[in-house]
Amino acid sequence: MSNFGVAFRERPVTAGPAPVRVLDLSGELDAHTAPDFEAAIEDCLNNQQHYIVVNGAGLDYISSAGLGVFMAFIEQVREQGGDIKIAALQPRVFNVFDLLGFPVLFDILKTEDEAVSKFTN
Amino acid sequence: MNTPFYQLLTPARWSTAWGEALFGTRLRRVLVYVTVGVLYLSVLSYHATYALLGLPVTPFASALYHLLVLACYGLTYAYFAHVYAGIRLGPLRVFWGIALMSALLYGMIFLIPSFGARGIYDIEFGFPTDIGTVTKMVVLSTLQALFAFFVLVRLQGLVLFKRTKRSIRLWYGMLIAMGLAAAFTTTPDPSDLAVDGATVPGILAGMAIGTAVGLMVANSFRLSWIVNLSFRDKMLTIVLAAAIFGALVHLIAVPEGGLGPADSYPFARVYSYPLNTFVLLTAVFTVLYCVTTFLSLLFHLPTTVDFEKKAGEVEALHSVSRLTGEVMSLERLVATIVAAPVEAGMGKSSWLALIDAKAGTLRPRVAATRNIMPAQVEAWVDTDALTDDAWQNRGSVLLNLAGTDHRIKAQPGDGIESLLVAPLVARNELLGALFVSKDISQGFEQDDVTAINTYADQVALALDNARLFEERLEKERLSREWAIAHEVQEKLLPQRLPQIDGVALAVSNVSANEVGGDYYDVRQIDAHRWAFIVGDVSGKGASAAFYMAAFKGVFQSLSRLAPEPAQFLAHANEALDATLENNVFISVVYGLLDLEKQSLTLARAGHCPIAMTGSDGEPRYLRPFGLGLGLDAGPVFRKTIREETIALKPGDTFVLYTDGVVESRSEAGEEYGYDRLIEALCRNRKQDAHTLHAALLSDLNGFIGGAAYDDDMTLLVVKWAGPSVASDGGDGQATPEPEPERTSPSANPD
Numbered sequence: 003m004s005n006f007g008v009a010f011r012e013r014p015v016t017a018g019p020a021p022v023r024v025l026d027l028s029g030e031l032d033a034h035t036a037p038d039f040e041a042a043i044e045d046c047l048n049n050q051q052h053y054i055v056v057n058g059a060g061l062d063y064i065s066s067a068g069l070g071v072f073m074a075f076i077e078q079v080r081e082q083g084g085d086i087k088i089a090a091l092q093p094r095v096f097n098v099f100d101l102l103g104f105p106v107l108f109d110i111l112k113t114e115d116e117a118v119s120k121f122t123n
Numbered sequence: 063m064n065t066p067f068y069q070l071l072t073p074a075r076w077s078t079a080w081g082e083a084l085f086g087t088r089l090r091r092v093l094v095y096v097t098v099g100v101l102y103l104s105v106l107s108y109h110a111t112y113a114l115l116g117l118p119v120t121p122f123a124s125a126l127y128h129l130l131v132l133a134c135y136g137l138t139y140a141y142f143a144h145v146y147a148g149i150r151l152g153p154l155r156v157f158w159g160i161a162l163m164s165a166l167l168y169g170m171i172f173l174i175p176s177f178g179a180r181g182i183y184d185i186e187f188g189f190p191t192d193i194g195t196v197t198k199m200v201v202l203s204t205l206q207a208l209f210a211f212f213v214l215v216r217l218q219g220l221v222l223f224k225r226t227k228r229s230i231r232l233w234y235g236m237l238i239a240m241g242l243a244a245a246f247t248t249t250p251d252p253s254d255l256a257v258d259g260a261t262v263p264g265i266l267a268g269m270a271i272g273t274a275v276g277l278m279v280a281n282s283f284r285l286s287w288i289v290n291l292s293f294r295d296k297m298l299t300i301v302l303a304a305a306i307f308g309a310l311v312h313l314i315a316v317p318e319g320g321l322g323p324a325d326s327y328p329f330a331r332v333y334s335y336p337l338n339t340f341v342l343l344t345a346v347f348t349v350l351y352c353v354t355t356f357l358s359l360l361f362h363l364p365t366t367v368d369f370e371k372k373a374g375e376v377e378a379l380h381s382v383s384r385l386t387g388e389v390m391s392l393e394r395l396v397a398t399i400v401a402a403p404v405e406a407g408m409g410k411s412s413w414l415a416l417i418d419a420k421a422g423t424l425r426p427r428v429a430a431t432r433n434i435m436p437a438q439v440e441a442w443v444d445t446d447a448l449t450d451d452a453w454q455n456r457g458s459v460l461l462n463l464a465g466t467d468h469r470i471k472a473q474p475g476d477g478i479e480s481l482l483v484a485p486l487v488a489r490n491e492l493l494g495a496l497f498v499s500k501d502i503s504q505g506f507e508q509d510d511v512t513a514i515n516t517y518a519d520q521v522a523l524a525l526d527n528a529r530l531f532e533e534r535l536e537k538e539r540l541s542r543e544w545a546i547a548h549e550v551q552e553k554l555l556p557q558r559l560p561q562i563d564g565v566a567l568a569v570s571n572v573s574a575n576e577v578g579g580d581y582y583d584v585r586q587i588d589a590h591r592w593a594f595i596v597g598d599v600s601g602k603g604a605s606a607a608f609y610m611a612a613f614k615g616v617f618q619s620l621s622r623l624a625p626e627p628a629q630f631l632a633h634a635n636e637a638l639d640a641t642l643e644n645n646v647f648i649s650v651v652y653g654l655l656d657l658e659k660q661s662l663t664l665a666r667a668g669h670c671p672i673a674m675t676g677s678d679g680e681p682r683y684l685r686p687f688g689l690g691l692g693l694d695a696g697p698v699f700r701k702t703i704r705e706e707t708i709a710l711k712p713g714d715t716f717v718l719y720t721d722g723v724v725e726s727r728s729e730a731g732e733e734y735g736y737d738r739l740i741e742a743l744c745r746n747r748k749q750d751a752h753t754l755h756a757a758l759l760s761d762l763n764g765f766i767g768g769a770a771y772d773d774d775m776t777l778l779v780v781k782w783a784g785p786s787v788a789s790d791g792g793d794g795q796a797t798p799e800p801e802p803e804r805t806s807p808s809a810n811p812d
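These protein sequence lines are chains A and B, in that order.
In terms of our numbering, the first sequence is residues 3 to 123.
In terms of our numbering, the second sequence is residues 63 to 812.
Read the hints as simulated data drawn from the structure, not as lab findings.
Idealized CB from N, CA, C, for every residue including glycine.
Treat the hints loosely; a few may be bogus.
Pairs of lysine-lysine residues, derived as DSS-like cross-links and limited to a Cα-Cα distance of at most 27 Å, are as follows [what the hints assert, rightly or not]: (1) B:Lys614 x B:Lys553; (2) B:Lys701 x B:Lys748; (3) B:Lys659 x B:Lys748; (4) B:Lys701 x B:Lys711; (5) A:Lys112 x B:Lys614; (6) A:Lys120 x B:Lys748.
So the derived label-pair ranges between C-beta atoms look like this [as the list claims (entries may be wrong)]: (7) A:Pro93 x B:Ala604: 20 to 26 Å; (8) A:Pro105 x B:Phe531: 51 to 57 Å; (9) B:Glu491 x A:Phe10: 41 to 47 Å; (10) A:Asp62 x B:Arg700: 49 to 55 Å; (11) A:Asp62 x B:Phe531: 39 to 45 Å; (12) A:Glu81 x B:Arg700: 43 to 49 Å; (13) A:Lys120 x B:Ile546: 24 to 30 Å; (14) B:Asp509 x A:Phe10: 57 to 63 Å; (15) A:Glu81 x B:Arg489: 46 to 52 Å.
To list a few chain A residues with every Cβ distance to chain B over 10 Å, as calculated [what the hints assert, rightly or not]: (16) Asn48; (17) Glu77; (18) Phe104.
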């Protein structure tokens, strides 16, 4: 079942102070796979990369434990002047974010490009 | 008779089967004693009669006499064998016993005939004719017979030291041959047999004697008890065997009253020549056995010290079997492990270094030591590097000159001059290493290395078993605790739902694990207002359950102070902010039912939307905005939370649930979803709350089929029937009724 995966990509951004780290999520993010996602974000933070875009195009399912990972790190990232932006969610997954009110707390964007450009503006 | 007859014919069972048959009960024992007594007295009276009255001896009387003698002594031997069958003495004690008896007999044979006149007997028949001679004859013969029986039963213990089918057959074969040889001895003088070689008894007796002697030789090489003797015991046994040999050889050769054929008056032979033959053969066997014992002990002596050393090592390995008994306590196990090599003399000191996976490090830690302090080990030996070396090596590492090795910091005199490191490997995993050190360089022989390696393999197994045992124990303990946690959590949920005038409630709740993070409750605020709540803590299992318990406290205390939904949730969010981990949140639906105003006010904190339908109207989801509790410290939450108030019409039905319901999946992996839920609600909207609840569950269960719930799941149905006729001002006092509405889904949560 745990076919979850995180892939790292970097997008060079001219205007920003550092390149944007893109995390491509795929599969199902639940209580079992949340630690993988946590490790990925920790890796970004350890490398002083605080401009993070989570691309959810391949994400089929997210549980409350998966949402918790965003909450766990957002404060720290923002303190460092960075942000976690969420992009390209499938409608059903977006609904889960939406029910909890995540759009109030996070930038949730239709495409990855929009998310990246949010950093440059 | 409780012994099957065939057992009497099975040599391996003889000692017990015959003993049982003859002496099994008290009555039988008494009968045998009486029979022996009567027989013995008749034999005595025969001699007395002859000696005193001088009656002529008829062939019939003579034959009867010999039969009586055989029966009497046969039974006596059987009694001896029975009594001694259960007693197993050490070889040394056997030889002591035989030597003492031989000395006693030796004294008697030389003493008794010298009393009074020499034998006075009938020239023709050889029978004694005076009381003195008769007495001497009877006493001597009885003593000889008893001596022979005693020696036989004692030697039986040694010859059958290792009971095998073959050894038992050989032994009883010898006894039978001896018995037959005795029975065929039909003339007083054995030389007569040789002369009358043509007689049938003579040939048979010769054959029986030959067979008996052959079997004696075979039996006298049954000496396996020798290997267990210590050096000192071997020396003693040699001396005793020599003494017995000397005494018996002399007794056999003694002309008068001795065991053998005699030139002068042969008391024993006259008493009973078959008995005498038997005694003589026994003496011959004893002599033979003493000779083989003497010689093999003599040859064994020089190797005894080496053998004892080896035995110590064997003993050390035996202590391995003790190890398996110690799996209950790791502490005792490691102490036993390090003790064995030192006790077996294979090393001056030993210690055990174990990798403790629980400590989160792969560095081996000294777990137990013997004859050395753990601090000394730490200071003198690089346990880590040596264990690693042994692991890489896939075998033991031997440092013959430990003092010169860079991993040893011990000084000369510290007692570590040579060191053997044996890795402990179980199921292809390194558990640690066993260290054995000696205070001399080049201290380990190949034997020692092999023995310690073998020992280390066993140790690894024992440690692995202990670890598995501990894990198993831990698992059982956990499952017990989970069961308790489950019970406690059940108590946190309402035991029964209150009865509210005009409102029907039905609810169900299951947890995917023993404990879950779902919560629901219904509570009276004041005379006409009721609050109900359904909440879901993010995550699953123990942490979710703790937050669920905390949330119950918040609901119970806050709902009275701030009953209005938005107010309540805002306060709850602030109250929980400090409690919740920053990755944990709680989604909640809170409803306030006002019976007087006939309205329901709802607020939602990040929770699934409320499904509702009127009895005629279209079903829909109510989704007033609100963040999940714990997502924001307060300001944003307060600013964004919304309420929705519905004026209730009879038949209005609200379904509150947790995401476990809509996210339940069919076996094909498809989610149940919001559409199916609201369709099921719409289809069953006319039903009463209880039936509707059951219908929703069965629709859900039908969809997921055999798949198990993988999330906690709560489903609460609230149905407004309209103001009750009996209601006087809506004073809906909660009537405790044994939870008629609370049901559980039939599917098993795991």
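Going down the list of hints, with the structure as the test:
no.: 1; hint: B:Lys614 x B:Lys553; result: holds (11 Å)
no.: 2; hint: B:Lys701 x B:Lys748; result: violated (38 Å)
no.: 3; hint: B:Lys659 x B:Lys748; result: holds (24 Å)
no.: 4; hint: B:Lys701 x B:Lys711; result: violated (31 Å)
no.: 5; hint: A:Lys112 x B:Lys614; result: violated (38 Å)
no.: 6; hint: A:Lys120 x B:Lys748; result: violated (51 Å)
no.: 7; hint: A:Pro93 x B:Ala604: 20 to 26 Å; result: violated (33 Å)
no.: 8; hint: A:Pro105 x B:Phe531: 51 to 57 Å; result: holds (53 Å)
no.: 9; hint: B:Glu491 x A:Phe10: 41 to 47 Å; result: violated (33 Å)
no.: 10; hint: A:Asp62 x B:Arg700: 49 to 55 Å; result: violated (34 Å)
no.: 11; hint: A:Asp62 x B:Phe531: 39 to 45 Å; result: holds (42 Å)
no.: 12; hint: A:Glu81 x B:Arg700: 43 to 49 Å; result: violated (23 Å)
no.: 13; hint: A:Lys120 x B:Ile546: 24 to 30 Å; result: violated (50 Å)
no.: 14; hint: B:Asp509 x A:Phe10: 57 to 63 Å; result: holds (59 Å)
no.: 15; hint: A:Glu81 x B:Arg489: 46 to 52 Å; result: holds (47 Å)
no.: 16; hint: Asn48; result: holds (18 Å)
no.: 17; hint: Glu77; result: violated (7 Å)
no.: 18; hint: Phe104; result: violated (8 Å)
The structure fails hints 2, 4, 5, 6, 7, 9, 10, 12, 13, 17 and 18 (numbered hints given earlier, in ascending order).
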